[in-house]
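Undergrad: Single-letter residue listing:
2 protein chains.
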Amino acid sequence: MTALADDRVLRGHPSVTLKLDAAIAATTFDRPTLVLDLDVVEQNFAALQRGLGDASIHYAVKANPAPQVIERLATLGCHFDAASRGEIELCLSMGARPEHVSFGNTIKRATDIAFAYRAGITHFAADAEEELHKLAEHAPGASVYLRVIVEPNGADWPLTRKFGCAPARVLTLLGVARDLGLDPVGLSFHVGSQTRHATMWSHTLDQVAAVWAQAQDAGFGLSLLNIGGGFPAFHGDAVDPLEAYATDVMAQVRARFGDVAVMAEPGRAMVADAGAIAAEVLLVSRKSDDDLHRWVYLDVGRFSGLAETEGEAIRYQFETARDEDETGPCILAGPSCDSVDVLYEKRPVSLPVSLRAGDRVVIRNCGAYTSSYSSVGFNGFPPLDVMVI
Amino acid sequence: MTALADDRVLRGHPSVTLKLDAAIAATTFDRPTLVLDLDVVEQNFAALQRGLGDASIHYAVKANPAPQVIERLATLGCHFDAASRGEIELCLSMGARPEHVSFGNTIKRATDIAFAYRAGITHFAADAEEELHKLAEHAPGASVYLRVIVEPNGADWPLTRKFGCAPARVLTLLGVARDLGLDPVGLSFHVGSQTRHATMWSHTLDQVAAVWAQAQDAGFGLSLLNIGGGFPAFHGDAVDPLEAYATDVMAQVRARFGDVAVMAEPGRAMVADAGAIAAEVLLVSRKSDDDLHRWVYLDVGRFSGLAETEGEAIRYQFETARDEDETGPCILAGPSCDSVDVLYEKRPVSLPVSLRAGDRVVIRNCGAYTSSYSSVGFNGFPPLDVMVI
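Residue numbers (the UniProt record's numbering), protein chains in the order written: chain A, 1 to 389; chain B, 1 to 389.
The set of hints was computed from the structure by calculation and includes no laboratory data.
All C-beta atoms in this analysis are idealised placements derived from N, C-alpha and C, irrespective of residue type, glycine included.
You may find that some hints are simply not true.
Restraint-style ranges between C-beta atoms, simulated for each label pair [what the hints assert, rightly or not]: (1) Thr199(A) / Thr199(B): 30 to 38 angstroms; (2) Glu312(B) / Leu292(A): 58 to 66 angstroms; (3) His293(B) / Ala321(A): 29 to 37 angstroms; (4) Arg31(B) / Asp291(A): 44 to 52 angstroms; (5) Ser93(A) / Ser202(B): 39 to 47 angstroms; (6) Lys19(A) / Thr28(B): 44 to 52 angstroms; (7) Arg178(A) / His293(B): 22 to 30 angstroms; (8) Glu89(A) / Thr172(B): 54 to 62 angstroms; (9) Arg322(A) / Thr172(B): 25 to 33 angstroms.
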């Protein structure tokens with residue numbers, strides 16, 4: 001219960017959390033279900049708008065592509081960051097205007113670029129020469145922002161080098177883009193997933209500002225800074241409140257980049273605390289008489305929604321109706337016949353000793369990166385269900 | 001090309017591999033597709049039958065639940081190991097008789113046990129007291145085999161302690177099962193996924209034989225030994241040919257357990273080499289001018305079928321039309337905007353230096369644990385497509 005209290009304080013909308021709780025309490029679920037409160041999404045968007053000021057907010061659709069989320073955000077004037085043709089089609093079908101949807105994946109199929117261009121998408125990400133050639137061929141004259149690799153900043157989930165180019169390559173790529181007839185409008189970067197405090201942005205922004213200055217000196221006239229995502233959600237460790245966080249980040253941006261056009265791509269911060277998974281205990285056991293830990297098996301696991309427990313990176317918060325009882329350490333695992341479908345083992349979870357098969361477990365702040373990661377039917381289990389309220 | 005040649009020698013059915021190649025060559029794919037040759041599945045089943053003699057073969061449905069695979073195997077008289085209600089329904093709908101389908105997941109929802117019992121399923125796995133109570137209530141009198149934890153044996157993918165109970169708990173659980181009116185018929189274990197040589201079974205069988213002897217001494221009259229899976233597929237390192245492997249394992253079993261009834265649960269060995277994924281290169285890039293490795297991005301990744309590359313555990317074999325050209329080391333990654341969607345980085349893959357966006361890549365021996373792991377639509381990419389030939 002502590003986790004929930006903290007969360008309510010940090011995010012400051014007790015009434016909607018109660019709405020989520022009431023919906024879960026009133027429902028009998030026959031499979032694990034993500035219950036999603038659109039009003040919380042709307043409140044998060046509003047908090048980000050207040051904090052980010054005149055920056056353009058492009059919701060990272062991959063965080064939760066539920067059509068109702070996209071529709072609500074489109075109605076509110078939010079823009080979108082799409083990773084694929086599928087996400088672009090989703091946004092357009094839910095009412096987004098094509099000029100408000102950016103194609104943010106640096107790895108694009110040529111035919112998907114052509115589709116996006118025909119559909120009216122104007123802004124594309126890139127980090128490599130071959131990608132610029134594909135864009136020049138299939139989206140001639142398009143606006144391109146180049147993604148730069150930045151050093152790790154201590155985020156909960158620092159990113160690999162998969163995306164971006166080294167700062168030293170930026171000028172070369174800007175030149176290639178211009179020579180190919182594209183419009184190299186700016187730079188993008190990613191500060192690292194789940195960057196819990198705004199102060200952690202400063203070193204990253206310094207790095208990008210140095211590259212930006214070089215590009216301006218070289219005469220590229222950049223006009224757009226895409227600050228990406230990294231805005232955090234509450235997963236057990238304290239995070240800054242969303243509006244204050246966004247305000248602080250923007251102050252740091254303005255101090256370094258002046259009044260350039262800014263776009264941001266929040267995903268997790270927009271939807272994580274809008275959702276909770278209603279799950280069920282399938283089995284509680286001990287492997288031997290002298291086992292220190294119980295094993296608790298849930299009906300949801302790494303292949304049915306909780307993929308972000310990989311490496312025990314994201315620590316979800318669990319609630320049960322027995323939380324007043326004595327608690328003890330548990331290894332938590334999913335329901336599949338797969339030995340890697342274990343959620344928390346290195347750092348066990350504390351759960352009531354009275355927990356048993358059939359008990360409901362509510363998993364907090366699961367609105368982001370759960371339902372869409374779910375497998376189509378691994379081990380014959382259906383994908384995570386979604387109920388929007 | 002070397003990998004393919006090895007594979008053909010090891011598995012000895014060049015004609016059907018050529019059939020798979022011909023089907024892929026003749027098809028234009030607009031998304032990553034698993035092409036699956038049912039004749040290879042049939043040949044693998046036949047090889048296992050010859051090697052395992054009178055053991056009952058229960059195909060582990062989770063390895064590949066394509067309805068056509070289940071139907072073909074049911075026609076051939078194969079039995080099935082199901083992990084869930086969904087897999088049981090699939091087997092029954094494809095013609096399997098309920099007494100030929102075992103419910104092999106030790107973690108079962110109570111309502112799924114009741115469903116299975118009503119459907120005529122007779123054999124259930126268990127490894128904990130609470131599971132036995134659920135079985136006694138919802139499948140009274142059912143036959144139960146208890147899964148025992150065994151020590152790691154050097155398998156490519158040793159299993160965690162997620163499944164099974166310590167050997168010292170087996171007698172207690174057999175007693176609980178009997179007292180609850182269940183029929184504790186035997187023991188099961190898992191030697192470890194991808195146990196590449198039959199000789200690696202001996203220490204595991206010794207452990208299980210010791211528990212078995214204790215149970216017989218205690219008067220439990222066990223009659224069924226479930227030797228589980230672990231039968232390997234070719235993924236770059238040499239494996240024993242399937243029939244010889246199975247023959248050797250059965251000889252080891254008979255030497256320790258006499259003429260007890262034996263069941264086996266092969267999954268990977270039955271379907272892995274029956275399938276190849278037709279994929280496409282989306283981008284080839286270098287992060288900086290002095291990068292030692294190229295980055296190669298495919299249209300299939302960890303969240304769209306290649307989940308078993310987690311920790312770089314399973315090493316797939318890649319073929320392109322440029323394999324005669326000079327090769328060089330690559331980091332291989334999937335198409336999603338997810339930094340963990342990297343397939344091979346610690347041990348880079350050697351690919352032609354001439355490789356470029358749009359090139360087809362055929363990934364060998366992908367028939368097992370690919371399509372069903374695929375996400376429903378992470379990043380807006382559709383699930384791995386399946387084409388059965």
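Undergrad: For every hint, state whether the structure bears it out.
TA: To see whether the hints hold, each was checked on the structure:
Between threonine 199(A) and threonine 199(B) the Cβ separation comes to about 58 angstroms, which falls outside the hinted range of 30 to 38 angstroms. Checking the proposed 58 to 66 angstroms range against glutamate 312(B) and leucine 292(A) shows it is violated: the Cβ atoms sit about 31 angstroms from each other. Between histidine 293(B) and alanine 321(A) the beta carbon distance is about 52 angstroms. The supplied range of 29 to 37 angstroms is therefore violated. For the pair arginine 31(B) and aspartate 291(A), the supplied restraint of 44 to 52 angstroms holds, since their beta-carbon distance comes to about 46 angstroms.
Distance hint check: the CB atoms of serine 93(A) and serine 202(B) are about 59 angstroms apart, inconsistent with the given range 39 to 47 angstroms. Range check, lysine 19(A) to threonine 28(B): about 50 angstroms between beta-carbon atoms, so the 44 to 52 angstroms window is met. With their beta carbons about 28 angstroms apart, arginine 178(A) and histidine 293(B) fall inside the hinted range of 22 to 30 angstroms. One distance hint, 54 to 62 angstroms for the beta-carbon pair glutamate 89(A) and threonine 172(B), holds here, with the actual separation near 57 angstroms.
Restraint check, arginine 322(A) to threonine 172(B): a C-beta distance of roughly 26 angstroms satisfies the suggested window 25 to 33 angstroms.
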